[in-house]
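Engineer: Residue-level listing of the chains:
Protein chains: 2
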Amino acid sequence: MTGPFSFDVQHTDGHARAGVFHTPHGPVETPQFMPVGTLASVKALDPDDLHRLGATMILANAYHLRLRPGDDLVRTMGGLHRFMQWDGPILTDSGGFQVFSLEGLRTIEEEGVEFRSHLDGSLQQFTPESVMRIERNLGADVIMQFDHVVPGQSPHDLAQVAMERSIRWLVRCRTEFDRLQAEDPLAPTPVQALFPIVQGGIHADLRRASAQAIRNTGDWVGYGIGGLSVGEAKPDMYAMLDVVNEVLPTDRPRYLMGVGFPEDLVEGVARGVDLFDCVAPTRMGRTGAFFTTTGRRNIRNAQWRTDSAPLDASCTCVACARFSRAYIRHLFVAEEILALRLLSLHNVHFLVALMRDARAAVLAGTFEGWSHDWLARYHSRSTPS
Amino acid sequence: MTGPFSFDVQHTDGHARAGVFHTPHGPVETPQFMPVGTLASVKALDPDDLHRLGATMILANAYHLRLRPGDDLVRTMGGLHRFMQWDGPILTDSGGFQVFSLEGLRTIEEEGVEFRSHLDGSLQQFTPESVMRIERNLGADVIMQFDHVVPGQSPHDLAQVAMERSIRWLVRCRTEFDRLQAEDPLAPTPVQALFPIVQGGIHADLRRASAQAIRNTGDWVGYGIGGLSVGEAKPDMYAMLDVVNEVLPTDRPRYLMGVGFPEDLVEGVARGVDLFDCVAPTRMGRTGAFFTTTGRRNIRNAQWRTDSAPLDASCTCVACARFSRAYIRHLFVAEEILALRLLSLHNVHFLVALMRDARAAVLAGTFEGWSHDWLARYHSRSTPS
Numbered sequence: 000m001t002g003p004f005s006f007d008v009q010h011t012d013g014h015a016r017a018g019v020f021h022t023p024h025g026p027v028e029t030p031q032f033m034p035v036g037t038l039a040s041v042k043a044l045d046p047d048d049l050h051r052l053g054a055t056m057i058l059a060n061a062y063h064l065r066l067r068p069g070d071d072l073v074r075t076m077g078g079l080h081r082f083m084q085w086d087g088p089i090l091t092d093s094g095g096f097q098v099f100s101l102e103g104l105r106t107i108e109e110e111g112v113e114f115r116s117h118l119d120g121s122l123q124q125f126t127p128e129s130v131m132r133i134e135r136n137l138g139a140d141v142i143m144q145f146d147h148v149v150p151g152q153s154p155h156d157l158a159q160v161a162m163e164r165s166i167r168w169l170v171r172c173r174t175e176f177d178r179l180q181a182e183d184p185l186a187p188t189p190v191q192a193l194f195p196i197v198q199g200g201i202h203a204d205l206r207r208a209s210a211q212a213i214r215n216t217g218d219w220v221g222y223g224i225g226g227l228s229v230g231e232a233k234p235d236m237y238a239m240l241d242v243v244n245e246v247l248p249t250d251r252p253r254y255l256m257g258v259g260f261p262e263d264l265v266e267g268v269a270r271g272v273d274l275f276d277c278v279a280p281t282r283m284g285r286t287g288a289f290f291t292t293t294g295r296r297n298i299r300n301a302q303w304r305t306d307s308a309p310l311d312a313s314c315t316c317v318a319c320a321r322f323s324r325a326y327i328r329h330l331f332v333a334e335e336i337l338a339l340r341l342l343s344l345h346n347v348h349f350l351v352a353l354m355r356d357a358r359a360a361v362l363a364g365t366f367e368g369w370s371h372d373w374l375a376r377y378h379s380r381s382t383p384s
Numbered sequence: 000m001t002g003p004f005s006f007d008v009q010h011t012d013g014h015a016r017a018g019v020f021h022t023p024h025g026p027v028e029t030p031q032f033m034p035v036g037t038l039a040s041v042k043a044l045d046p047d048d049l050h051r052l053g054a055t056m057i058l059a060n061a062y063h064l065r066l067r068p069g070d071d072l073v074r075t076m077g078g079l080h081r082f083m084q085w086d087g088p089i090l091t092d093s094g095g096f097q098v099f100s101l102e103g104l105r106t107i108e109e110e111g112v113e114f115r116s117h118l119d120g121s122l123q124q125f126t127p128e129s130v131m132r133i134e135r136n137l138g139a140d141v142i143m144q145f146d147h148v149v150p151g152q153s154p155h156d157l158a159q160v161a162m163e164r165s166i167r168w169l170v171r172c173r174t175e176f177d178r179l180q181a182e183d184p185l186a187p188t189p190v191q192a193l194f195p196i197v198q199g200g201i202h203a204d205l206r207r208a209s210a211q212a213i214r215n216t217g218d219w220v221g222y223g224i225g226g227l228s229v230g231e232a233k234p235d236m237y238a239m240l241d242v243v244n245e246v247l248p249t250d251r252p253r254y255l256m257g258v259g260f261p262e263d264l265v266e267g268v269a270r271g272v273d274l275f276d277c278v279a280p281t282r283m284g285r286t287g288a289f290f291t292t293t294g295r296r297n298i299r300n301a302q303w304r305t306d307s308a309p310l311d312a313s314c315t316c317v318a319c320a321r322f323s324r325a326y327i328r329h330l331f332v333a334e335e336i337l338a339l340r341l342l343s344l345h346n347v348h349f350l351v352a353l354m355r356d357a358r359a360a361v362l363a364g365t366f367e368g369w370s371h372d373w374l375a376r377y378h379s380r381s382t383p384s
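Residue numbers (numbering that gives the first Met the number 0), protein chains in the order written: chain A, 0 to 384; chain B, 0 to 384.
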């Protein structure tokens, strides 16, 4: 790689890797979990919260920001980093997933997708080219290609059509991406990295073909793995990671999109994944759910009513350092905003810290034993609460 | 005064005073604005936020905490300070205002008030004695008497009945308060201060009689002034403060309950008030309104769409140090929780800083000129937005 992007694999342990991904806004130690700030805000958290809990790279979403406040406005305000006051690396998803989720509101053609805004019903068109321009305006370090996403259980023929179209769209994305890098040097982040996205549903041959076809288009700074954790069974997802792991280059970061829960992160690292993102830790917080090392719990449960222990006894996050389950339960039941912030803080911290621990295990050459023990403890509790 | 409570008046300037109110959980420089944490949480803010913006004393509410999570639970958890992790002074309102706001849901008798919970309709009874026990369990430094509150425009006869009952209830409160201090030494805050509340609506003779009757009951650590800012005209409120100021002892702190907006605070200090509280700065934040030195604004206004300035150019709060109006407007329009936190932070900081400035002016002997200039600037803008 040239320019501000590079990836150093420091150590491998089985298929698991520990590395450093360098970006224009600083390095990212991998494996890493990236909190999601869909609308240029990681829900309920501010940049200081994110720094304190150890996040180094965060996500935003091109579809949502295009509609509100508009990518042109974000650019006017100096780009995403300046707008949201996050000085670390940012990745924007292209919005492919969101656009293709608008069942009944959209028309898919080879040129692109026409759809109606989920906010005001206005007619919008996304093409590979327009999405590159949107992501240029937003100014993330890493931008994702516009791809054709299908549901996790899609049959072979539909998954193949979408996968092959995603490859053709990738080529168009790169043409427009290269043009913009050359002709629009005053964009908020002049040198960005475009990541392709491996598709193919839960069909091993399609996943293999997609990864191979992407490699045939040339060298990339990093590789996205999309269309997983969208309704398929977990063993199917893990099998697809095994397939993709065999084909993608070992000296580039792999980003498993929209995944996920703690067990998925550990299983993903074991299959060569370096980067993860998911709305789960903040969305779960809004339902009262929180992670512990012995499984998921819910703060609404009456058993915490007078519990003076923190959410998770072994956690070092700000919420656990200070507040009892009893207090956070009271806040949640009373619909106090602080409850959402504390639960989100804890859940995001949990995943960031989990990947930090995984990284340490890879560096120490103990990942297999560590991950086995971690998963056994996480799944140890038989009665959910 | 004896024990952990004392009040030092350091300087006076006209009727305005600068002092220090000492409590078991530390000193409070006056005049001071106290943020309101009705349910043991200042909405959207955490204790670190409050310390950073300069708050030293906060409020909670006995009525709300009695219903949820229960004063017994708070006591089990070590009292309010420990439960909510606020190590500074706390004051609890008795809930008189809340109980008497339950029009149609309550029966008032000399013994006390029977009412139905606004949450689940369950039958509850508050008497002067039961409220003292609730506030003992909560463990604030300063606790307010249970009083009979009437609407701001109440006629003379109704205001007189309520005022006279409040005096009788004060005597009952003190008997129970003294008993609890003697017989319940293991309460979360063993030595508390009970404040009486001056009532009398907008009738000067009743206000005078109330303040005098309270003085006749003995000496008090501090004095509450209640039943104002509840619908009456501002000149009426200011006139009542002038009346009360003449009667209350000058060497004790005066707390004007539920007030208020910036102009009310400045006018209150000019009339000898030392302590204020109001839900306005956090409640306003939830509607998008924010204070500036040239008047109130609303962040929803389209004029801020691409405004890179902070909420208030002269403000030093965390929100203003970092974020643009354009970003906060985006967050508010997109219904991001962070918008509420930033607006609340700013508004609470604004009132806390305003009282800090007023204090400095009193100490410098420049309060009259300072307050005149401040009010003129605050009211200078003719077109609201």
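Do not take every clue at face value.
[Stated by the list, open to error] A partial selection of chain A residues facing chain B, derived with a Cβ cut-off under 10 Å:
| # | residue |
| --- | --- |
| 1 | Val41 |
| 2 | Asp47 |
| 3 | Met83 |
| 4 | Gly87 |
| 5 | Gly111 |
| 6 | Val112 |
| 7 | Ala325 |
| 8 | Arg328 |
| 9 | Ile336 |
| 10 | Arg340 |
If you're looking for bench data, these hints aren't it; they were derived computationally from the structure.
Cβ coordinates follow ideal geometry from the N, Cα and C atoms, glycine included.
Engineer: Next, verify each hint and record whether it holds.
Structural biologist: Against the structure, the hints come out as follows:
Of the supplied interface hints, the one on valine 41 of chain A holds, with its beta-carbon coming within about 8 Å of a beta-carbon of chain B, less than 10 Å. Interface hint at aspartate 47 of chain A: satisfied, since its Cβ lies 8 Å from the closest Cβ of chain B, which is below the 10 Å cut-off. Evaluation of the methionine 83 of chain A hint against chain B yields a held restraint, the C-beta minimum of about 7 Å falling below 10 Å. Interface restraint check: glycine 87 of chain A against chain B, minimum CB-CB distance 15 Å, threshold 10 Å, status violated.
The closest approach between the C-beta of glycine 111 of chain A and any C-beta of chain B is roughly 25 Å, which is over the 10 Å cut-off, so the hint fails. Below 10 Å, beta-carbon pairs count as interface contacts, and valine 112 of chain A has none with chain B, the closest being about 23 Å; its hint is therefore violated. A distance limit of 10 Å between C-beta atoms decides the matter here; for alanine 325 of chain A the minimum to chain B is near 5 Å, and the interface restraint holds. The beta carbon of arginine 328 of chain A is positioned within 10 Å of a beta carbon in chain B (closest approach about 8 Å), and the interface hint is therefore held.
Satisfaction of the interface hint for isoleucine 336 of chain A is found here, the shortest Cβ-Cβ separation to chain B being roughly 4 Å, below the 10 Å cut-off. Here the hint on arginine 340 of chain A is kept, as its CB sits about 7 Å from the closest CB of chain B, short of 10 Å.
When held up to the earlier numbered hints, the structure conflicts with 4, 5, 6 and fits the remainder.
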